[in-house]
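Which chain is which? The protein sequence lines are D and H, in order.
By the working numbering, the letter at position 110 of the first sequence is numbered 110, and the numbering carries on one by one without gaps.
By the working numbering, the letter at position 80 of the second sequence is numbered 1080, and the numbering carries on one by one without gaps.
These are computed hints drawn from the structure, not numbers from a lab.
Note that CB positions come from ideal geometry on N, CA and C, so glycine has one too.
Check the hints yourself; a few may be wrong.
Said to hold, decoys possible - Derived contacts from chain H toward chain D, CB cut-off under 8 Å, selection only: (1) Q1032; (2) L1042; (3) R1045; (4) V1120; (5) P1305.
Claimed, not checked - Derived lysine-lysine pairs resembling DSS-like cross-links, with alpha carbons at most 30 Å apart: (6) H:K1010 to H:K1193; (7) H:K1195 to D:K13; (8) H:K1193 to D:K13; (9) H:K1010 to H:K1195.
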Amino acid sequence: MAALRMIATLFVKEFTQIRRDPLSLGMLIALPAFLLILFGYALTFDVRNLSLGVCDQDGSAASRELIRRFAITEYFDLKRQVDDPRALTRLIDHEVIRVGLVIPPDFEERLEAGRPAPVQFLVDGTNATIASAVTGYADAIVRAFSGQVVLEQMLRAGHRPPPAAVSVEARIWYNPELESARFLLPGLIAFLLMVATVVATSLSVTRERERGTMEQLVLAPLEPYQLVLGKTLPYLLVAIGSTVLILLVGRLLFDVEVRGDLLVLAFVVLAYLLAGLGQGLLISTVAPSQQVAFQIAIISTLLPTFILSGFVFPIYNMPPVIQALTYLVPARYFLVALRGVMLKGTGLAVFWPDVLLLLLFAGLMLTLSSIRLRRLFQHLM
Amino acid sequence: MEQVLAFLRKEFRQLRRDPRMLFLLIVPPIVQLVLLGYAANLDVRHVPLVVCDPVPSATSRDLVQRLVASTYFDLVGYEPDARRVGEWLDRGEATVALVFPPDFGKEVAQGTTASVQLLVDGSETNTATVALSYASQIIQHALGVGAVSAGVVPELRVWFNPALSSRWFIIPGLVGLLLTVMTTVLTALALVKEKETGTLEQLLVTPLRPATVLLGKLVPFLLIGLLDVLLVVLVATLWFQVPLRGSIPLLFGCALLFLLNTLGLGLLISTLSRTQQQALIGAAFFALMPMIILSGFVFPIESMPPVIQAVTYIVPLRYFLTIVRGIFLKGVGISALWEEMLALLVLGLLLFGLSTWRFRRQLH
Chain D
1 MAALRMIATL
11 FVKEFTQIRR
21 DPLSLGMLIA
31 LPAFLLILFG
41 YALTFDVRNL
51 SLGVCDQDGS
61 AASRELIRRF
71 AITEYFDLKR
81 QVDDPRALTR
91 LIDHEVIRVG
101 LVIPPDFEER
111 LEAGRPAPVQ
121 FLVDGTNATI
131 ASAVTGYADA
141 IVRAFSGQVV
151 LEQMLRAGHR
161 PPPAAVSVEA
171 RIWYNPELES
181 ARFLLPGLIA
191 FLLMVATVVA
201 TSLSVTRERE
211 RGTMEQLVLA
221 PLEPYQLVLG
231 KTLPYLLVAI
241 GSTVLILLVG
251 RLLFDVEVRG
261 DLLVLAFVVL
271 AYLLAGLGQG
281 LLISTVAPSQ
291 QVAFQIAIIS
301 TLLPTFILSG
311 FVFPIYNMPP
321 VIQALTYLVP
331 ARYFLVALRG
341 VMLKGTGLAV
351 FWPDVLLLLL
361 FAGLMLTLSS
371 IRLRRLFQHL
381 M
Chain H
1001 MEQVLAFLRK
1011 EFRQLRRDPR
1021 MLFLLIVPPI
1031 VQLVLLGYAA
1041 NLDVRHVPLV
1051 VCDPVPSATS
1061 RDLVQRLVAS
1071 TYFDLVGYEP
1081 DARRVGEWLD
1091 RGEATVALVF
1101 PPDFGKEVAQ
1111 GTTASVQLLV
1121 DGSETNTATV
1131 ALSYASQIIQ
1141 HALGVGAVSA
1151 GVVPELRVWF
1161 NPALSSRWFI
1171 IPGLVGLLLT
1181 VMTTVLTALA
1191 LVKEKETGTL
1201 EQLLVTPLRP
1211 ATVLLGKLVP
1221 FLLIGLLDVL
1231 LVVLVATLWF
1241 QVPLRGSIPL
1251 LFGCALLFLL
1261 NTLGLGLLIS
1271 TLSRTQQQAL
1281 IGAAFFALMP
1291 MIILSGFVFP
1301 IESMPPVIQA
1311 VTYIVPLRYF
1321 LTIVRGIFLK
1331 GVGISALWEE
1341 MLALLVLGLL
1351 LFGLSTWRFR
1361 RQLH
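So here's chain D without its partners, still in its complex pose:
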């Protein structure tokens, strides 16, 4: 009972401190939701409106029809028509266009004669993802155009077109329109929450050490675990508020509804928040100054959560050594569970190993923090 009262006192003290800085508190709660709105719209791998430059050396009905077919799709935007193919090069250098299409002078003549008619695509390969998409779209448009030309010629010559031997029927699960926002949004949630929780707690103990207020705590008969609880619980409440806001934004603005069990979602989120708070607290007990704590917090959360969690870059694509390292990133586990419960509607039966590892991570962080705190106390005594 006394222990409980101790934690409660500390909780109130820490909470008052948070409340006294309404700017930080407001930022911690509202900023992630605000950024989710801003970034949510920005997150997309869908490639649309690629700027296209054309050099039509033929100027025939056939070449104009091919160009029209490019211009009417949502994938390409006809930006420039030039007379000299070399001008396309310059436009690509200056990032005015991403793709250049060169149609040679004898294009229609060759088509009419039933000979292969080459067209040339110049693709800016700097961004491999965009370039792959470009080549795929261009290939499909040209194929469709070509198929129709050949078919018309066969019909004119009185041949019957051959049937297709095997048809491929594709069915896309979980995200039939292949909207990348659906995939990326849970990642963004994980990203924002991790940075918010670690950032919030990483200075908490260091600050007291720098200001010398730690001594007061040592005089009070507190156990390290009580201190850990008292320090993390207020931030946990703040983080829960922020999470609720984030999920609402995701649901209302981005239509990412939760397909699975809400209770499972709550449990998974709680485990993740504890992991983040634990990591922040550990940093706080290790760092000698706020400046160093700040550095470690940013370095250990920002880029790792963005790049090593599977947020954007698929983990199975990474070399084995890096894959091993991703096990140290709590967002990795959270993302499997979050995508499962939000997009796929699966439950703990499927992703329990990830949740278990996440809980282990959180437990480890909190235990290490409390050991470090005991050491700090002994040092001060």
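Assemble the complex: chain D is given as a structure, and chain H must be docked to it using the hints.
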């Protein structure tokens, strides 16, 4: 001038006395670049594939063989029951499932149209799109569909990155990102710390002008930033073999322009916050996250809605990424990059002017 130099000397001495800080400035960028350079890969390879082929035939076996041989797919298992194929996707063990109907072999032999089913986990859109197009291409190629000799033949020439390696795109981007993370955070702390410890008042009573104080505070970070650029460029070119086709002096000149922005931003954050905690939150949420997501580092800016595209114009990293990728991969010079350079200069001066103004107001 002498004052500035004296002040600079003092700042450097302070930095040198804190070797842990110096270590944190130099080692993490390199470690992060190596780690992230390997991890940040959007190339779609080794997609886990599960096959359901109740009555295997020569054709179906050949198809699976071709898919695996392409290295785009890794066969993770066979599922005998067509109704349970979906569970592999649910469990995340497979991203693509290829389902042959029981009479596939018979139909192919008879020359009637046979259909195979591809189930794709669409939650990872990039992988799904690419895997789908690879699989259909491989299957249709194998079965000779659409093999027409006449018609339009697209000839593809991919520039700057013929192997279409996403690493070539990401690593130069990481140079800009790491630089931002390292320098903005540092400067954001520089002044807030003095405010918290009260040493700012001491600066007040010295006859130093605000601009002098800021300059003295920033030059060490500027030099560290340039050192970071050097190290990171070395790792990118020597370790990851990303080509550096353009001018190295131009790259450093532009890095200097960019540092004006990151340091200015850090300074602005520090003049706007009262405590180190506020500075930390401000730096993380207002500076670093927008830099990562709105700069075109991975998410293409031209696909964003117009309003968000407009926001990206105030993100300095946007311009620096175009510059770095232009110099690294395209080998272009000032004639292609001057607009971005100008934007960096204007933004940088703006950020600096704003923070100096805030700083002066706080002194009074």
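Tested hints:
{"no.": "1", "hint": "Q1032", "result": "holds, 6 Å"}
{"no.": "2", "hint": "L1042", "result": "holds, 5 Å"}
{"no.": "3", "hint": "R1045", "result": "holds, 6 Å"}
{"no.": "4", "hint": "V1120", "result": "holds, 5 Å"}
{"no.": "5", "hint": "P1305", "result": "holds, 5 Å"}
{"no.": "6", "hint": "H:K1010 to H:K1193", "result": "holds, 16 Å"}
{"no.": "7", "hint": "H:K1195 to D:K13", "result": "holds, 24 Å"}
{"no.": "8", "hint": "H:K1193 to D:K13", "result": "holds, 24 Å"}
{"no.": "9", "hint": "H:K1010 to H:K1195", "result": "holds, 18 Å"}
In terms of the numbered hints stated before, the structure departs from none.
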